Structure formats: C-alpha cells, structure tokens
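Asks: Got chain A; can you put chain B on it based on the hints?
Protein chains: 2
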Amino acid sequence: MQRLHTSTIKEHIGEQVKIAGFVQTIRDQGNIKFLLIRDITGVIQVVVTKHHADALATAKTLTHESVVEITGIAKEEKQAPGGFEIEAENIVVLSLADPELPIPITTKGQQGETEQSIRLDWRWIDLRKPEGALTFKVWTELEASLREYWTKNEYVEIHSPKLISTASESGAEVFEVKYFDRKAYLAQSPQFYKQMAMAAGFEKVFEVGPVFRAEPSFTSRHATEFTGYDAEISYIESYADVMEEEEKAIQFAIQRIKDKFGDEIKKIFDRDVIVPSLPFPRLSMKEVKSILAERGISGDKDGDLSPEEERKTGEYVKEKFGHEFIFVTEYPVSVRPFYHMRDEKNATLTKSFDLLWNGLEITTGAQREHRYDVLVKQAKEKGMNTESLHFYLNFFKYGCPPHGGFGMGPNRMIMKLLGVDNVRDAMFVYRGVKRLEP
Amino acid sequence: MQRLHTSTIKEHIGEQVKIAGFVQTIRDQGNIKFLLIRDITGVIQVVVTKHHADALATAKTLTHESVVEITGIAKEEKQAPGGFEIEAENIVVLSLADPELPIPITTKGQQGETEQSIRLDWRWIDLRKPEGALTFKVWTELEASLREYWTKNEYVEIHSPKLISTASESGAEVFEVKYFDRKAYLAQSPQFYKQMAMAAGFEKVFEVGPVFRAEPSFTSRHATEFTGYDAEISYIESYADVMEEEEKAIQFAIQRIKDKFGDEIKKIFDRDVIVPSLPFPRLSMKEVKSILAERGISGDKDGDLSPEEERKTGEYVKEKFGHEFIFVTEYPVSVRPFYHMRDEKNATLTKSFDLLWNGLEITTGAQREHRYDVLVKQAKEKGMNTESLHFYLNFFKYGCPPHGGFGMGPNRMIMKLLGVDNVRDAMFVYRGVKRLEP
Numbered sequence: 037m038q039r040l041h042t043s044t045i046k047e048h049i050g051e052q053v054k055i056a057g058f059v060q061t062i063r064d065q066g067n068i069k070f071l072l073i074r075d076i077t078g079v080i081q082v083v084v085t086k087h088h089a090d091a092l093a094t095a096k097t098l099t100h101e102s103v104v105e106i107t108g109i110a111k112e113e114k115q116a117p118g119g120f121e122i123e124a125e126n127i128v129v130l131s132l133a134d135p136e137l138p139i140p141i142t143t144k145g146q147q148g149e150t151e152q153s154i155r156l157d158w159r160w161i162d163l164r165k166p167e168g169a170l171t172f173k174v175w176t177e178l179e180a181s182l183r184e185y186w187t188k189n190e191y192v193e194i195h196s197p198k199l200i201s202t203a204s205e206s207g208a209e210v211f212e213v214k215y216f217d218r219k220a221y222l223a224q225s226p227q228f229y230k231q232m233a234m235a236a237g238f239e240k241v242f243e244v245g246p247v248f249r250a251e252p253s254f255t256s257r258h259a260t261e262f263t264g265y266d267a268e269i270s271y272i273e274s275y276a277d278v279m280e281e282e283e284k285a286i287q288f289a290i291q292r293i294k295d296k297f298g299d300e301i302k303k304i305f306d307r308d309v310i311v312p313s314l315p316f317p318r319l320s321m322k323e324v325k326s327i328l329a330e331r332g333i334s335g336d337k338d339g340d341l342s343p344e345e346e347r348k349t350g351e352y353v354k355e356k357f358g359h360e361f362i363f364v365t366e367y368p369v370s371v372r373p374f375y376h377m378r379d380e381k382n383a384t385l386t387k388s389f390d391l392l393w394n395g396l397e398i399t400t401g402a403q404r405e406h407r408y409d410v411l412v413k414q415a416k417e418k419g420m421n422t423e424s425l426h427f428y429l430n431f432f433k434y435g436c437p438p439h440g441g442f443g444m445g446p447n448r449m450i451m452k453l454l455g456v457d458n459v460r461d462a463m464f465v466y467r468g469v470k471r472l473e474p
Numbered sequence: 037m038q039r040l041h042t043s044t045i046k047e048h049i050g051e052q053v054k055i056a057g058f059v060q061t062i063r064d065q066g067n068i069k070f071l072l073i074r075d076i077t078g079v080i081q082v083v084v085t086k087h088h089a090d091a092l093a094t095a096k097t098l099t100h101e102s103v104v105e106i107t108g109i110a111k112e113e114k115q116a117p118g119g120f121e122i123e124a125e126n127i128v129v130l131s132l133a134d135p136e137l138p139i140p141i142t143t144k145g146q147q148g149e150t151e152q153s154i155r156l157d158w159r160w161i162d163l164r165k166p167e168g169a170l171t172f173k174v175w176t177e178l179e180a181s182l183r184e185y186w187t188k189n190e191y192v193e194i195h196s197p198k199l200i201s202t203a204s205e206s207g208a209e210v211f212e213v214k215y216f217d218r219k220a221y222l223a224q225s226p227q228f229y230k231q232m233a234m235a236a237g238f239e240k241v242f243e244v245g246p247v248f249r250a251e252p253s254f255t256s257r258h259a260t261e262f263t264g265y266d267a268e269i270s271y272i273e274s275y276a277d278v279m280e281e282e283e284k285a286i287q288f289a290i291q292r293i294k295d296k297f298g299d300e301i302k303k304i305f306d307r308d309v310i311v312p313s314l315p316f317p318r319l320s321m322k323e324v325k326s327i328l329a330e331r332g333i334s335g336d337k338d339g340d341l342s343p344e345e346e347r348k349t350g351e352y353v354k355e356k357f358g359h360e361f362i363f364v365t366e367y368p369v370s371v372r373p374f375y376h377m378r379d380e381k382n383a384t385l386t387k388s389f390d391l392l393w394n395g396l397e398i399t400t401g402a403q404r405e406h407r408y409d410v411l412v413k414q415a416k417e418k419g420m421n422t423e424s425l426h427f428y429l430n431f432f433k434y435g436c437p438p439h440g441g442f443g444m445g446p447n448r449m450i451m452k453l454l455g456v457d458n459v460r461d462a463m464f465v466y467r468g469v470k471r472l473e474p
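These protein sequence lines map, in sequence, to chains A and B.
Residue numbers for the first sequence follow the numbering used here, beginning at 37 and rising by one.
Residue numbers for the second sequence follow the numbering used here, beginning at 37 and rising by one.
Next up, chain A with everything else stripped away, as it sits in the complex (with noise of 0.2 Å):
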C-alpha cells in the first residue's frame, strides 16, 4: 500500500490508508491510546484501540518523536484536530527514539523555548517544529524563483572554484587551506570568477554556493560560512542597469512566495509577505546621510551605514515611500574595493549600490571596472598585490566588455521574509567561530 501524507487523509475517509511519521505527543485514556503523527505535511490524530491488540500494544511501547507507519481507517472526528483521525489496525516502529529528548520541540517564543546555542547543537530536533520545514520550504521557492527569472532571461550558470590561490578581494578575513605543499584559499566571493566569465564572452551569468569569511564577528547577521546569489552582466549602461534586473528578479520571488506560503507564513510566523512595487526607491549615500542627520542620527559622515544607520533608513524609507526596500547609491571610494568603477563626475564616488530590506543590508553591487590600466591602478592605491593580483586583472588585458552585478545574501532575504530576528536560525546549519558542528 501507498503511503499518504497525512494532510490528504480527509480525502480518503472511509478507506484504509497508510502513514508514517515522527509520534508528537501520546495521549493514554486506559485502553485508548490517541497519537499524535507529523508529516511534512503537518499532523492526524490516531485512536487506538484494544480492538486492535497488537496495535495497542506497539503503541505501549512508543516514545515521543519515535518514526512509525501506521496502517488504519480513515475516518471524520470533530473532536480530533483538523477534524479527521485514522482509526489504528497496525503500527511498525520505523525508529524508537530515546526517551530522554536532549531539548523540547517548542515553537518561537512559545513558553520553555530553549536557548538558541542549545537548539543549535541539536538543530536537527528543533528543525521539527512548524518553524523548521517551513522556513527551507519558503527557501526553496525563493531559490527556484530568482533560479527561473535569471535562467528564463539567458543567464549562464557557473560554479566557480572556492579554493583559489591568493586571499582574494581584500587579503584580510580569509580561511587558509593546507593544499598538498602549498597554500590555498577559501573564496570570500565568486566575485573574480563571475567577471572571469564575462571576459570569456557569457554576457549573463548567475552563481549559487558557498562564501567564506574569517570574520571574527559573533553578530546576529553574520556567519563564517553561508550561501550566496551572485549575478554578473556584461554590456551595462550603467549600475542602473543592475539593480533594474535585481528588482525584478526579487519581486518575481516575492510575488512567488506570497502566492504558494503567504497563508502558511501568516500563520506560523505571523508575518505579511509584502510584494514590492517597481521601481524600488533610489538615494544616493549622501541623500542618506543627510536626511539620518536631520533627524538627529551621526554616523560616519564619509563611511558605511552602520547597522544603525540602515535600521533607520529603513524606518525612513517606509515612512516617506511606503517600501520595503531602498537602494542606497554612490558608495565613497573608501568603504568599496578597488574594482568598483569610480564616477568620472566626482572621482570620490563609486558606480555602486547596496540594497536594504527593512533596513538590513541584503545586497552590494556595482559596475565594475573593466579597463586594465584603470584597474591596475585603483588596486595599488587601495594597497593591493597586484602580483598576487595578476591572474585576475589579466582577464581585462584580452578584450572584457564592460560589466556590473551583485551579491545577494539568501540567509539575510529569509529573516526578512520571515521575521526571523537571528541568521543561525535562518541557515540549515550556522556556522560560527564557536561553531563547527553538528
């Protein structure tokens, strides 16, 4: 017999059916016995009864979280949550699991929720609450989305090397690798690797995987290792030209998303899935800092947005657009590296963007520079190796069209889509300087 998940029993009622799961809660009545079965589907309700002997008497020996398959009549009861319940003939133990669960399975903010760093070491538990598949569920979409509006508009995908030879964009923050009797790399981004393609001719390219950041940081938003989107386009105009294809792309997934969880999302994370309107807003870093100083907020007036900065950006931007999103502009050369084309207006400027989403950065692009000589000589005033350097800046030397794109943080996209207030609970498995495992 076919397994069914338990979220389409209600249209079998009446007939035999099967179903496994993990046992959520055990209800004992004398010799009644109700189970509660989770699916990724969500949970039924099972009776058994002595009617059925030998099912009572597996259902004695279960323990909370066990796996087990349940063979049985559907059938409608009011009583049973959702309003159906399966009616026991048979029960196998797939998995009886210990009975002493190293923590609860509580959901967010739900009385005895247990400390984070706890629910991190036994993650693949605290993943079974409603929280847990819904969050990777929603990833999913947001992935193949962005997946099918870049593959849908041409772009080539690449997956380049993570272990490469020089630490790569800046020299700091960089995880060294013993690689037979040399020394490599983890790559901090795909960043070299995607204008490598462009110089190969691909025009669009688009990369999913892992960055690496030897970062010291014990923040909530950043992590040793996570996922990133990255995206490279080859005869821009301008930087313009990325953040229009960056826009839509995150509005076809939001769209998506709303459509396929905004209920589901509504419900266990009580959160509106907003879709953007387009064009999103515009400002230039100096429009920022000069609106944050008029209402009393002093950051670095020639730096970065600090996190602070950009919660209230944020909070502006909703206020004054009704949006979720701004992309601030016009990065000073200082705070962007050195393959950012600079204006040739204001040479203090870069031809740069970063997006924020309710007031987090979730993006950085730019146009990049593309002529050699350019190039050379913004990296050695940034202080560069150009040696090291070498194998990257000779991709400009053949002929490379001139090209712009963006890296975007999938970890960061799901706090905000969720209202997840931490990154470790955002990821599948957090990576940290404390934390290699599981």
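Hints are computed from structural coordinates only; laboratory data are not their basis.
Possibly wrong hints are sitting among the right ones.
Copies of the same chain are indistinguishable here, so a pair counts whether it falls within one copy or spans any two.
[Stated by the list, open to error] Heads up, simulated BS3-like pairs for lysine-lysine below, C-alpha to C-alpha not over 30 Å straight-line: (1) K240 <-> K452; (2) K413 <-> K96; (3) K46 <-> K240; (4) K296 <-> K284; (5) K114 <-> K296; (6) K296 <-> K188; (7) K284 <-> K322; (8) K240 <-> K303; (9) K188 <-> K294; (10) K114 <-> K69; (11) K188 <-> K452; (12) K173 <-> K188; (13) K54 <-> K188; (14) K418 <-> K214; (15) K240 <-> K54; (16) K470 <-> K416; (17) K111 <-> K240; (18) K284 <-> K188; (19) K54 <-> K381; (20) K173 <-> K284; (21) K240 <-> K302; (22) K188 <-> K46; (23) K303 <-> K188; (24) K470 <-> K219.
Since the model is a prediction, treat every value here as computed from it, not as a measurement.
Replies: What follows is chain B alone, placed relative to chain A:
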C-alpha cells in the same frame, strides 16, 4: 538604442541596429574592412567603408578580441556568413585587446589546438570558442531541469556547511583548514547533512554544491574540487525507490537538453543526445563480474569496478540492452562506506548502487543504515573513530525515518552528454593537485 543580439539581426533588415561583441576576425581590403563580431548568440559580418570615415578610422585601430559596440544598417548579403551583414556607421571601442593573444581560439581537433594545460592557464580565452558557452548553456539546462524535477516533487533544497569539524566519511583525502584557534576540514560530500535533514523530518531534499577531495590524482576523470548534485529521500522501502527517482530525473533532464540544444550539440560537438528509456537496466555486481569474466575481462573479484571494467560494462549494456545507462547494484561491504545498509540475506553485500553512463560512473547511491546500534557497530567494524562521529551518530538516536539517496557528478554527465573526454574541459574552472589558477 537597445543593443540587439547578432542572431536577431535578420529580423531587422533595412533598419538601423546596434550590436556589441568581440572582434573575431578582421579582413582588410584596402578601404573596406570586414569584421566578424561574436556575441553569446553567434557571429555577424560587419562591413566598414570609406563612406563612414570615422568608423573606418576606428576599425583600423582594432585588434583581435577587442570588444566593440557597432551601430549600422542591417542588410542581406549572400556572401556573408549566415547571409546577413551590418554596414557600420559608428564603432565604439569598449575594450582594446592586447595584440599578442596568449593562445589562439581554436575549436576542438582543429589544427593548432593548444595543449590543454596552457588552455587552462588562459581558460577565459579558451572558453570563447563555440564549445565554451555551449558547454555551460547545457550545464545550466541540466541543472535547471533536475531542479525542476525535484521542486515539482516537493523536495526541499538545503545548503549544508562545507566547513566541518571532523574528517567525514573515511578520514583520508580531506583538506585541512585553519579555523581560528582550531582545525576544520572541507566536506567531501554533503552526505551527513542530507541525513540530518531526514532526521529533521524534511522527507525529501536535494543539494547542489562543491565537494572537495584531497586526492593526489591526475586522471582525466578527477578534480580536487567539483560540483555535486545530491538527493536523499525518506520512507523508502528499498534502494530501488532511490534508483527510480534518479532515473526519472535524468530522463526528464536529457529530454529537455535534447529539445533545447540537441541541434547545436550535434553541430558543435558532433554528438547525438539520446533520451534514455525507463527503466534503466539493472545488474548486480555479481552479475556484472560474471559477464565480464565470460568476456575475458578479469578484475578484482570481490572489489569495485576498475575504470576498464566500467568501460567494458558500458559496452556490454549498449550491445545487450541498447542503453547508455546501467545501475550496478549490491556492492560488497568492503568497497562501501560504513553507513550503507547491509543486505539481511547476505551480510557481505550492501543495499547500494552505482550508475554508469556509457561506461563511466556518474552516481553512487544506497539505502542508509538508520538504526543507531547497527550504524555504530558498522562504523566500528570499518575502524572509524566513533568519538569524532558522535555528532553524526546522534542524528539516529531520537527518531529517524528509513532513507536513502545518491550523489551525482554533473562534470561527468557533461562529459558524456557532449563527448568531452577530459573532465577539465567539462568544468568552468578546473582544480587539481598542481592547479589553483586562474
């Protein structure tokens, strides 16, 4: 004016058009120059005459592989490759290539083809040949269609960590990373984490990501870093359920590739894309060994298949079944990792399989041992350090459904799809013992 792709010029005869691309050839006939301009969709001839003196002056400065933007009138021209050309009115040089190209851009087998290791040094230039972009368009389609199969069938996508605390499956051939004040290792596969997802109740998952092998291997089939496609499903009855899922996904993907790129693959790689029929043939390892013995090919009697044996098996399957694929099943315990489930009827065999495509292994799969006690016993028998496997073994202690899955190598699939005989040409950027650049 909007830039057009060269492939669409034929729809704009008589109109003023703008194109952009690489200068593939320059042919000089006194005061007339013929350029061949290449973009991602193909090439088009551009004629530059003295009627447009500025354009002609610019054309005279051009070097091979420079990147240009050209505006002009689209015309029919029987003499031109493809039957169309553009009469240039204006030429803008976007990127002037160094006149000394380090390697010529030659097609496979063409006279003057450069030695592979030198081509790999200049990978982005090598990728400008017709095989280059097509290889990765096909890869993009392969991955997109496998993903479509998975997401339609409600698999959840995971991105598991590549930085792990313990040398995973075997302890050998693993890269060591300096991780703050301790050591980490690079994951050889997402195996443990796919299984963690099963213990979390995700039921069906897939992952696409890099895998790392510190193998000092110099064959045409190996790399130290490559992309892995992985899937894992719960509540299977046997590993046959896993094979069925895999063959359906592969058939779906190859059909898509044939529909979309079959003609181009034929033209450029001289290769027919053959959509495999279902089910794929299946033979046990014992059967394969006995067939090979009958044909006078003797390998290790109780061991794995050697590359030679794989090739001969592929030939047999083609002859006997007219099929390019074969599932080889029931591998001996000695050649399989500790976590493969063993056959109840014959404890020397595992419930496992490999998939060969035209005589090359592209997949390893199995039902996994999900019973904690049995798993610990098997790990110990294989001489594993169960202490360092603690975090993994715990996945099976608190309820875990029976499950199985497979890992699949897209590089090798691309080799077989396109008839590429070296994996180094079937990946974007190759990594080997002696190669960390570009």
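Asks: Each hint should be assessed against the structure and marked as holding or not.
Replies: Checked hints:
{"no.": "1", "hint": "K240 <-> K452", "verdict": "both (27 Å within a copy, 26 Å between copies)"}
{"no.": "2", "hint": "K413 <-> K96", "verdict": "between (76 Å within a copy, 28 Å between copies)"}
{"no.": "3", "hint": "K46 <-> K240", "verdict": "between (47 Å within a copy, 23 Å between copies)"}
{"no.": "4", "hint": "K296 <-> K284", "verdict": "both (19 Å within a copy, 25 Å between copies)"}
{"no.": "5", "hint": "K114 <-> K296", "verdict": "within (28 Å within a copy, 53 Å between copies)"}
{"no.": "6", "hint": "K296 <-> K188", "verdict": "both (20 Å within a copy, 13 Å between copies)"}
{"no.": "7", "hint": "K284 <-> K322", "verdict": "within (25 Å within a copy, 55 Å between copies)"}
{"no.": "8", "hint": "K240 <-> K303", "verdict": "between (38 Å within a copy, 23 Å between copies)"}
{"no.": "9", "hint": "K188 <-> K294", "verdict": "both (21 Å within a copy, 17 Å between copies)"}
{"no.": "10", "hint": "K114 <-> K69", "verdict": "within (17 Å within a copy, 84 Å between copies)"}
{"no.": "11", "hint": "K188 <-> K452", "verdict": "both (26 Å within a copy, 25 Å between copies)"}
{"no.": "12", "hint": "K173 <-> K188", "verdict": "both (22 Å within a copy, 12 Å between copies)"}
{"no.": "13", "hint": "K54 <-> K188", "verdict": "between (40 Å within a copy, 23 Å between copies)"}
{"no.": "14", "hint": "K418 <-> K214", "verdict": "both (28 Å within a copy, 27 Å between copies)"}
{"no.": "15", "hint": "K240 <-> K54", "verdict": "between (48 Å within a copy, 18 Å between copies)"}
{"no.": "16", "hint": "K470 <-> K416", "verdict": "between (35 Å within a copy, 29 Å between copies)"}
{"no.": "17", "hint": "K111 <-> K240", "verdict": "between (55 Å within a copy, 28 Å between copies)"}
{"no.": "18", "hint": "K284 <-> K188", "verdict": "both (13 Å within a copy, 23 Å between copies)"}
{"no.": "19", "hint": "K54 <-> K381", "verdict": "between (70 Å within a copy, 27 Å between copies)"}
{"no.": "20", "hint": "K173 <-> K284", "verdict": "both (22 Å within a copy, 22 Å between copies)"}
{"no.": "21", "hint": "K240 <-> K302", "verdict": "between (36 Å within a copy, 24 Å between copies)"}
{"no.": "22", "hint": "K188 <-> K46", "verdict": "between (38 Å within a copy, 22 Å between copies)"}
{"no.": "23", "hint": "K303 <-> K188", "verdict": "between (32 Å within a copy, 24 Å between copies)"}
{"no.": "24", "hint": "K470 <-> K219", "verdict": "both (23 Å within a copy, 12 Å between copies)"}
Checked against the numbered hints listed earlier, the structure breaks none of them; every hint is satisfied.
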